[in-house]
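Sequence order for the protein chains is A and B.
The first sequence begins at 1 in full-length UniProt numbering and counts up by one.
The second sequence begins at 1 in full-length UniProt numbering and counts up by one.
Just so you know, these hints were derived from the structure itself, not from any lab.
It should be emphasised that the depicted structure is a prediction, and the values quoted were computed from it without experimental measurement.
One thing to keep in mind: the hints can contain errors.
[Unchecked claim] When the alpha-carbon atoms are kept at most 25 Å apart in a straight line, the in silico SDA-like pairs for lysine to any residue are as follows:
| # | chain 1 | residue 1 | chain 2 | residue 2 |
| --- | --- | --- | --- | --- |
| 1 | A | 101 | B | 119 |
| 2 | B | 81 | A | 97 |
| 3 | B | 101 | A | 105 |
| 4 | B | 102 | A | 110 |
| 5 | A | 82 | B | 93 |
| 6 | A | 21 | B | 91 |
| 7 | A | 112 | B | 119 |
| 8 | B | 7 | A | 115 |
| 9 | B | 82 | A | 115 |
| 10 | B | 119 | A | 131 |
| 11 | A | 21 | B | 75 |
| 12 | B | 81 | A | 115 |
| 13 | A | 95 | B | 82 |
| 14 | A | 112 | B | 184 |
| 15 | A | 81 | B | 96 |
| 16 | B | 112 | A | 82 |
[Claimed, not checked] If we take Cβ atoms under 8 Å as the criterion, some of the chain A residues that face chain B in the derived model are:
| # | residue |
| --- | --- |
| 17 | 31 |
| 18 | 32 |
| 19 | 75 |
| 20 | 76 |
| 21 | 189 |
[Unchecked claim] Quick look at which bits of chain A chain B covers, simulated, 3 or more residues with Cβ under 8 Å:
| # | stretch |
| --- | --- |
| 22 | 33-40 |
| 23 | 60-67 |
Quick reminder that beta carbons are idealized off the backbone N, C-alpha and C, glycines included.
This is what each chain is made of:
Protein chains: 2
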Amino acid sequence: MELLLKKIEQEGIVLANDVLKVDAFLNHQMDPVLMKEIGEEFARLFSEEKITKVVTIESSGIGPGLMTALALNVPLVFARKKKSITMQQDIYTAKVYSFTKKEENEISISHKWLEEGDKVLIIDDFLANGQAALGLLSIMEQAKAETIGFGIVIEKSFQDGGKILRDRGYRVESLARIQSLKDGQIKYFNEELTV
Amino acid sequence: MELLLKKIEQEGIVLANDVLKVDAFLNHQMDPVLMKEIGEEFARLFSEEKITKVVTIESSGIGPGLMTALALNVPLVFARKKKSITMQQDIYTAKVYSFTKKEENEISISHKWLEEGDKVLIIDDFLANGQAALGLLSIMEQAKAETIGFGIVIEKSFQDGGKILRDRGYRVESLARIQSLKDGQIKYFNEELTV
Numbered sequence: 001m002e003l004l005l006k007k008i009e010q011e012g013i014v015l016a017n018d019v020l021k022v023d024a025f026l027n028h029q030m031d032p033v034l035m036k037e038i039g040e041e042f043a044r045l046f047s048e049e050k051i052t053k054v055v056t057i058e059s060s061g062i063g064p065g066l067m068t069a070l071a072l073n074v075p076l077v078f079a080r081k082k083k084s085i086t087m088q089q090d091i092y093t094a095k096v097y098s099f100t101k102k103e104e105n106e107i108s109i110s111h112k113w114l115e116e117g118d119k120v121l122i123i124d125d126f127l128a129n130g131q132a133a134l135g136l137l138s139i140m141e142q143a144k145a146e147t148i149g150f151g152i153v154i155e156k157s158f159q160d161g162g163k164i165l166r167d168r169g170y171r172v173e174s175l176a177r178i179q180s181l182k183d184g185q186i187k188y189f190n191e192e193l194t195v
Numbered sequence: 001m002e003l004l005l006k007k008i009e010q011e012g013i014v015l016a017n018d019v020l021k022v023d024a025f026l027n028h029q030m031d032p033v034l035m036k037e038i039g040e041e042f043a044r045l046f047s048e049e050k051i052t053k054v055v056t057i058e059s060s061g062i063g064p065g066l067m068t069a070l071a072l073n074v075p076l077v078f079a080r081k082k083k084s085i086t087m088q089q090d091i092y093t094a095k096v097y098s099f100t101k102k103e104e105n106e107i108s109i110s111h112k113w114l115e116e117g118d119k120v121l122i123i124d125d126f127l128a129n130g131q132a133a134l135g136l137l138s139i140m141e142q143a144k145a146e147t148i149g150f151g152i153v154i155e156k157s158f159q160d161g162g163k164i165l166r167d168r169g170y171r172v173e174s175l176a177r178i179q180s181l182k183d184g185q186i187k188y189f190n191e192e193l194t195v
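Let the sequences and hints guide you as you build the complete structure.
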């Protein structure tokens, strides 16, 4: 996706060999026009699939997830990392370890917002080691919902989340696949995509 | 806003005399069409104000905030409740006590995403006692940004956040103002708005 690759090129910052900071447009400041284009692209990619629900995790997945849900005209459900006092029971849960925040979260979704037979598109801002994706998959299995595929804004192909999901037979569509961040250089999986 | 009042009427649940659960369409499952209409309404209300940035707090503010930013064609910035390892310095912070989660959070925004002279519209899903709004105001003051006003999806007028902000001279636009949740009944501030 050209606009996304341009944004990464112009505003992304490589902080270490495995950290790409995109807080200029994705996960702290957010570019709404880019989010809308991302949502429309995921909707286009999965347009044949009769998706009934888009699922993501708070917080950074909400932007791309909401725009995808709007383009597909289905509800968005975002998994919660903390339970509020209005959400204590009848929930599906899974444990997710975050390497960037160095902590384990229990994510949860209310029974009410997933139905058996739901055809779910899971959206997230990043795919790295796949912990969040596996947590959401576990919740989909508990709910007997069908996971149709994953829409990922930025995949770090040098970590193994993408491989794990594809090896399990899931369709994973990543709008930017980064092969390497070595020496502060962003190399894409398909070099011809580099802007 | 008619669509919002209908949604509250049909899908909102009064849990106690002061808790309105709207996880069917606003803060767990999210209705993207409603979010888009909310964003367009806030943009219309503040269309004369030359807003340069929309600011909110993760997570439930992101949906309405992003749609408002899209309609105004300006960036969204969402305050973080936890610092990631990519965000440790050069941040404005404020303490916010959450009555629904019974905990104090330190919210933060990077210096980079607020500029002196920014004309900021603050968006949030709920306004109750005003703690989150006051925390964001403190950050705007630290950044020397100008707070033009507040766009609130649901204001609980029987708590004092709205009064505090209006007494300080801020413009507060709430799409649903709830006067009372007593005995499981939702009463609006302007009864003629009730659907």
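TODO: Sort out whether residue 82 (chain A) lies within 25 Å of residue 112 (chain B), counting only the CA atoms.
DONE: Violated, at roughly 28 Å.
TODO: Decide if the proposed pair is consistent with the structure: residue 21 (chain A) and residue 75 (chain B), CA atoms, cutoff 25 Å inclusive.
DONE: 17 Å, holds
Open item on the list: Check the hint pairing residue 102 (chain B) with residue 110 (chain A) against an upper bound of 25 Å on the C-alpha distance.
Closed with: Holds, at roughly 20 Å.
Task: 25 Å Cα cutoff - pair residue 82 (chain B), residue 115 (chain A) - done: 32 Å, violated
- [ ] Measure nothing beyond the straight line between the CA atoms of residue 119 (chain B) and residue 131 (chain A); if it is 25 Å or shorter, mark the hint as holding.
- [x] 39 Å, violated
- [ ] Let me know if the C-beta of residue 31 (chain A) comes in closer than 8 Å to any C-beta of chain B, holds or violated.
- [x] At 6 Å from the nearest chain B Cβ, residue 31 (chain A) passes the 8 Å test, so the hint holds.
- [ ] Starting from residue 82 (chain A), check that the Cα of residue 93 (chain B) is at most 25 Å away, please.
- [x] 21 Å, holds
Open item on the list: Can you tell me if the stretch 33-40 of chain A counts as covered by chain B, using C-beta to C-beta distances under 8 Å and a minimum of three residues?
Closed with: Holds, because 3 residues of the stretch 33-40 of chain A bring their Cβ atoms closer than 8 Å to Cβ atoms of chain B.
Open item on the list: Count the residues of the stretch 60-67 of chain A whose Cβ falls closer than 8 Å to any Cβ of chain B, and tell me whether that reaches three.
Closed with: holds (count 4)
Task: Restraint check for residue 95 (chain A) with residue 82 (chain B), where alpha carbons must lie at most 25 Å apart - done: Holds, at about 18 Å.
Open item on the list: Hint check: residue 112 (chain A) vs residue 119 (chain B), CA-CA at most 25 Å. Holds or violated?
Closed with: With a Cα-Cα distance of about 40 Å, the restraint between residue 112 (chain A) and residue 119 (chain B) is violated, given a limit of 25 Å.
- [ ] Verify the interface restraint on residue 75 (chain A): the C-beta must sit less than 8 Å from at least one C-beta of chain B.
- [x] With a minimum Cβ separation of about 5 Å from chain B (threshold 8 Å), the hint on residue 75 (chain A) holds.
In this structure, the earlier hints numbered 1, 7, 9, 10, 12, 16 and 21 are contradicted, and the remaining ones agree with it.
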